[in-house]
Amino acid sequence: MIGVLIVLVVFFILLVFRAIKNRKDNKRRDYSLGMSAAVNTALLIKEKKYEHAEELVRKQTLNDRSQIIDHVALYIEEDDLKHWELVTESNLSRLCLGTFYLHMAWISRTHKLAKNVSNKKAMDFFSYLELCEESYLKIQEKSHYKAELCSRSIRLYMSLSSKDTATDYFNEVTTNHPNLLWPYLHYAEMIQPKWYGSTEEVIDFYTKLPNDFLIKATTTLKLILDAVIIGENYFKKMDNNLKNFAENQINTIDQEVTRQPIDSIHRYILYNYMEAIASHYNLKDMSSKYRKLKNSHDTIYPYGLIS
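Quick note on numbering: our numbering labels position 307 of the sequence shown as 803, and the sequence is numbered without any gaps.
Heads up, a few of these hints could be off.
[To be verified] Computed cross-link-like contacts, BS3-like style, restricted to lysine-lysine with a CA-CA straight-line distance of at most 30 Å:
#1 718 - 733
#2 732 - 690
#3 642 - 555
#4 690 - 617
#5 638 - 545
#6 634 - 659
#7 788 - 739
#8 718 - 690
#9 712 - 733
#10 578 - 634
#11 616 - 642
#12 634 - 555
#13 785 - 739
#14 718 - 642
#15 642 - 712
#16 555 - 712
#17 642 - 542
#18 780 - 739
These are computed hints drawn from the structure, not numbers from a lab.
Between the sequences and the hints, there should be enough to build the whole structure, so can you do that?
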């Protein structure tokens, strides 16, 4: 009996040391949100099995590809991404490397107002954006990843203060792929007064959202939470009381989620917004429900990225 206990203790200690070693070996972050295709793609890239990785990604839906690319760009080290691009010169490697730089730009800048960003952070921000653009411009026009490139270019050119270019990419991708979620979130960010837009643009955009539950609900929640943070009611033409509007929206969305559970990996973005808004308005039961549903999967929106 004692021998068995000793073996179990030794086994437990080995597991602990292995976990510590793995955490040290990977200094970046896991952004798979539990998606096996994202985990497996990153592992294949680390093992330099590039053809297998790219074959796996091509088999995924457009929305799933978005998640995989974010995970790869946030999980794999820069040198490994650069080696992949150097060896293969593939569109996917360039997309992931460019996305690495786009994420690093925002990690460097932080999400402070521009007036509160130091000169050093601002210089790093624009240096990373230049590297991102350089990678993206190498991607072939008729690539399998054109939709993803257009989507991420919205964020890139918003960051470079090129609203017209970002808008062109938004119009192109939503015309050809209206059910891809991320373009709407990037564009919803850009057209707010804190960037290059106005309340009128926000409302015009909001009223023209496609009849796709996940897109409409998640984009609406993003605009509500941003309005709360900024302290400006974007929806005053519909309801002078932002709290009333927000509570009506999250109750309606909650009813639909209960009636028809979401299977998209992007459900976690919606869950994070639902929890954040419910928590802000002290709706404890609703907040608790979505905290459990998100299962510790914090998403880039609404929380951003930290170093």
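Sort out whether residue 545 lies within 30 Å of residue 638, counting only the CA atoms. Distance of about 24 Å is within 30 Å: holds.
Holds or violated: residue 712 with residue 733, Cα cutoff 30 Å? holds (18 Å)
Satisfaction of hint between residue 617 and residue 690, Cα-Cα up to 30 Å: holds (19 Å)
Quick one, are residue 642 and residue 555 close enough, alpha carbons at most 30 Å? holds (15 Å)
When you check the alpha-carbon spacing of residue 578 and residue 634, does it fall within 30 Å? holds (13 Å)
Holds or violated: residue 642 and residue 712, Cα atoms, limit 30 Å. holds (23 Å)
When you check the alpha-carbon spacing of residue 616 and residue 642, does it fall within 30 Å? violated (33 Å)
Do the alpha carbons of residue 718 and residue 642 lie within 30 Å of each other, as the hint requires? Satisfied, since the Cα-Cα distance of roughly 25 Å is no more than 30 Å.
Does residue 739 lie within 30 Å of residue 788 when you go C-alpha to C-alpha? holds (23 Å)
Holds or violated: residue 780 and residue 739, Cα atoms, limit 30 Å. holds (15 Å)
Residue 642 paired with residue 542 [C-alpha distance capped at 30 Å]: Holds: residue 642 and residue 542 sit about 24 Å apart, inside 30 Å.
Pairwise hint evaluation, residue 712 against residue 555, where the allowed Cα distance is 30 Å at most: holds (26 Å)
When the structure is compared with the earlier hints, a violation turns up for hint 11 alone.
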